[in-house]
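Work the whole structure out from these sequences, hints included.
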Amino acid sequence: MTDSATGGSTTAATSDAASHVVEIRGVDKTFARDGRVVTTALQGIDLTIGKGEFVSLIGPSGCGKSTLLRLIGDLTEPTSGTVTVNGKPATRARLDRDYGMVFQAPVLFDWRTVEENVKLPLEILGWDAGRRQARAREMLELVELQDFLRHHPYQLSGGMQQRVSIARALAFEPSILLMDEPFGALDEMTRERMNQEVLRIWERTGITVVFVTHSIPEAVFLSSRVVVMSARPGRITDVIDIDLPRPRGFETREQRRYFELVTAVREALRHGEPRDAVGSLDRAAAEGAIG
Amino acid sequence: MAGTTASAAGLQPVAARRTRAEGASRGRRAAIWLALVVGLFALWTLVKALGGVPWRPIGAGPGSEMIWNPPFRWDFANDLNLPHWWNIAATLVAPVQRGADETLLQYLAGAAFYTWREAALGFLVGALLGLVLATIFVHNRLLERALVPYVVASQTIPIVALAPMIVFAFGPSVTSVVIIATYLTFFPVTIAMIRGLRSPDPRALELMRSYAASTREVFWKVRLPASLPYLFTALKIAATASIVGAIIGEGPGGVPDGLGRAIINFNQYYITGPEKLWGAILVSALVGIVFFMIVRLVELAVLRGRPGAAEG
Amino acid sequence: MSVAVPAIGRPRGAPRAGKRWRARVAYYLPAAVVFVLGLVVWEVGVGVLGDAAFVLPRPSAILAALGENWGAGRWPLAKAAMATLSEAIGGLVIGTVAGTIAAFATARWATAREVLLPVGIGASAVPIIAFAPLMNNWFGVLNPLSKMMIVAVLVFFPVYVNVVRGLVQVDASALELMRSYAASEWTILRRVRIPNALPYFFTALKVSATLSLIGAIVGEYFGGANDVLGRAIVQSASALRFDVTWAAIILGAASGIAAYIAIVSVERLVIPWHASVRGEGP
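Residue numbers (the working numbering), protein chains in the order written: chain A, 200 to 490; chain B, 22 to 333; chain C, 1153 to 1434.
Just so you know, these hints were derived from the structure itself, not from any lab. Honestly, I wouldn't trust all of these hints.
Far from chain B, some chain C residues (derived; all Cβ distances over 12 Å) [claimed, not checked]: (1) W1173; (2) R1210; (3) M1234; (4) S1238; (5) I1281; (6) T1362; (7) E1372; (8) V1386; (9) I1409; (10) L1421; (11) V1422.
Think about it this way: if two alpha-carbon atoms lie no more than 25 Å apart in a straight line, the pair counts; the simulated SDA-like pairs of lysine to any residue are [claimed, not checked]: (12) K1358/C - G1292/C; (13) K287/A - A1183/C; (14) K1171/C - R166/B; (15) K287/A - A1334/C; (16) K250/A - L443/A; (17) K242/B - R230/B; (18) K1358/C - F1187/C; (19) K1231/C - L168/B; (20) K1231/C - G1292/C; (21) K1171/C - S175/B; (22) K1231/C - A174/B; (23) K242/B - S175/B; (24) K1358/C - A174/B; (25) K1358/C - L1297/C; (26) K1358/C - K242/B; (27) K1358/C - L168/B.
Output of the computed footprint for chain C on chain A, the stretches with three or more beta carbons under 8 Å from beta carbons of chain C [as the list claims (entries may be wrong)]: (28) 293 to 306; (29) 313 to 325.
For every residue, glycine included, the Cβ atom is placed at its ideal position computed from N, Cα and C.
Here it is in structure tokens:
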């Protein structure tokens, strides 16, 4: 098994300018209050993501990884710099419905059944009823929830709800999937199952994924590249290529190379910390536990 | 939207930001309120100017000179249905009766204070009753299931309907009025406090259990403090309700000194002097708002420093 | 938005119907016992009370009075209840429609909300009962519309405040999701804000149901046509016919409860997905 054999995924090294899905140049993001800068969330960000890549953003709380994801998705605008998606400004890409979003909370609507939740973006895009129905079923089959079409979200477990949310994000075939700590609220076992699921979907669809997480094993297991960030101000300190073979599965987590890469990411995270490294790591952990 | 986006992005010190935002907007809010009151009077004047009857000088009879002749004649805007606000103001500072040395405003202020005292008494008794009932219900599920439906049902009975009988049973006196005010007050407090006393985080109760704390200690140290926001929400409702109860009770209660009687009296003479009823109603509204504000101020003082304490 | 994250695994199945029914009976049993006991004590105990018994006739006497005055007599109660109920429902409809329209008109503009929401909350501090005589004068004391308007004013503010909250207090992530779909404001209103506001709307309606009956009766209390519950109560009480008074009161309360139940039934049909409906309790 080689990585080129599955899902059409290409690593950053082989991608050329034409196949860039995301191109971020010199982006700063500051939050101001009463005209004064309160927080520098991101500073001097340059990042290129190729077609079909699976890129994780990892870093301590407050490093701006979620903000970076939201910049790509045009949920917030950069203070300076440019974000280009599929060769056009991020806003244009959003209006063209290039994005699928998955948040930490499933954000399902209580008043819709599972199937109707998946249909929501298709309704907004103006698909006709027959196509909506077929696609919703197809997507729910993809996340293996075809038996729960008529259920309401409250009748599902947290993991199942998040799978519905993924099905909804993929339903209208966006070219890029943005996931903001989608499995942060799940327990470890469910999270590993969901990781496997996401990989399977990614391999089948060949979609480009940007994935925010604060779990090192998760980032290594899923990604073709891991972008390591540091806080105050939020910067990219390292980008690590993950050359684990695909398809990845249960045994991947027991490979020697996997542990080496986990260690490499951990080292990079520590390296990116400012002088009082240990203290702020503890603080970050504490903040992560609260928020 | 901008605020929620920023906080979702990890701008954390929410409490600090909130208090600063309030400080900035308090002055603006006062200005908005002032503008609203002025706007209301302006609208009132405009309606009278467009569709009222011919304007005449304050206190002058129908035959006197015309100051302004409105282009339309709307029924609801004539001097009987919608008196000029300056005529109401003039009536308020005029003697309450021919030859009396007390102005209407003085009379109404006295009546308002009288009614407020009845209401406040009923409010206190009702709030206490509500607290006791809620405490019992929270600690005894059986009693809760047996009795709470009747606490709820009690409020479907229109209190005006009970008033004549309460007055008959207890005599036409202030006591009857206070009982009526109590009846309207205890309900919101009971219901809110059942929820409030149950509101503590289960983990907080488990923590107390790990300390082997007694029920009494759990009540005073966890349940009651946790319930305070609920209590004040209910007390604000109860403040108005107690005024309503007192006003309603004064009619059949035969209490001659309060606002209820004033409203009934002036209602009977509405044809000859609508301004008096309007004055009485405005003062009633004012009493309700003032009582509400008093409770709100106490709430602000008691809940100071709690998240969300400064909101409505 | 699905905030509740139930345990992982199979979806929660509904408990078997028979078991659920038995649980429900067990739950309401204490209340039923109190009801029966209360009636018995009342019936038997009234004789002991003496003077007060005059104010509080036996349940059997009240029932008899209800039968006697149902369709005939000086106070035909059935007719009176219908008249009062129609005033209440008319006012409920007027107030609800006006409150909802006002909410939709102002919810979009933050400044309008900032001004009007406190006014709406502050208005609840005004004893609106005091306006009853004004409404009688405006719309004619004999015109049922005057009572409806009292009810409408009473209902308007809770509806307004709740609907505005429902339209505005939408999960921020849901709005971001809609933004990622590049959905229009209209789409967001239709697919997110309005469904989100429905539970708030029904909360207001449930509060307003009993409020509307009380408002109508209070309006009648300040004068109006005969053959309405409020007049029957005032007149029978002043004639010291307290059995009739109680019969009228019970009819009024029953009408209020009926209106409440009707609204809860509609709520179950319209928002079966909401926590208040699927209720964890019995």
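Here is how each hint holds up against the structure:
{"no.": "1", "hint": "W1173", "result": "holds, 17 Å"}
{"no.": "2", "hint": "R1210", "result": "holds, 15 Å"}
{"no.": "3", "hint": "M1234", "result": "holds, 16 Å"}
{"no.": "4", "hint": "S1238", "result": "holds, 16 Å"}
{"no.": "5", "hint": "I1281", "result": "violated, 5 Å"}
{"no.": "6", "hint": "T1362", "result": "violated, 5 Å"}
{"no.": "7", "hint": "E1372", "result": "violated, 9 Å"}
{"no.": "8", "hint": "V1386", "result": "violated, 7 Å"}
{"no.": "9", "hint": "I1409", "result": "violated, 6 Å"}
{"no.": "10", "hint": "L1421", "result": "holds, 23 Å"}
{"no.": "11", "hint": "V1422", "result": "holds, 23 Å"}
{"no.": "12", "hint": "K1358/C - G1292/C", "result": "violated, 29 Å"}
{"no.": "13", "hint": "K287/A - A1183/C", "result": "violated, 67 Å"}
{"no.": "14", "hint": "K1171/C - R166/B", "result": "holds, 19 Å"}
{"no.": "15", "hint": "K287/A - A1334/C", "result": "holds, 16 Å"}
{"no.": "16", "hint": "K250/A - L443/A", "result": "holds, 19 Å"}
{"no.": "17", "hint": "K242/B - R230/B", "result": "holds, 12 Å"}
{"no.": "18", "hint": "K1358/C - F1187/C", "result": "holds, 24 Å"}
{"no.": "19", "hint": "K1231/C - L168/B", "result": "violated, 32 Å"}
{"no.": "20", "hint": "K1231/C - G1292/C", "result": "holds, 21 Å"}
{"no.": "21", "hint": "K1171/C - S175/B", "result": "violated, 31 Å"}
{"no.": "22", "hint": "K1231/C - A174/B", "result": "holds, 23 Å"}
{"no.": "23", "hint": "K242/B - S175/B", "result": "violated, 32 Å"}
{"no.": "24", "hint": "K1358/C - A174/B", "result": "holds, 13 Å"}
{"no.": "25", "hint": "K1358/C - L1297/C", "result": "holds, 22 Å"}
{"no.": "26", "hint": "K1358/C - K242/B", "result": "violated, 34 Å"}
{"no.": "27", "hint": "K1358/C - L168/B", "result": "holds, 21 Å"}
{"no.": "28", "hint": "293 to 306", "result": "holds (count 11)"}
{"no.": "29", "hint": "313 to 325", "result": "holds (count 5)"}
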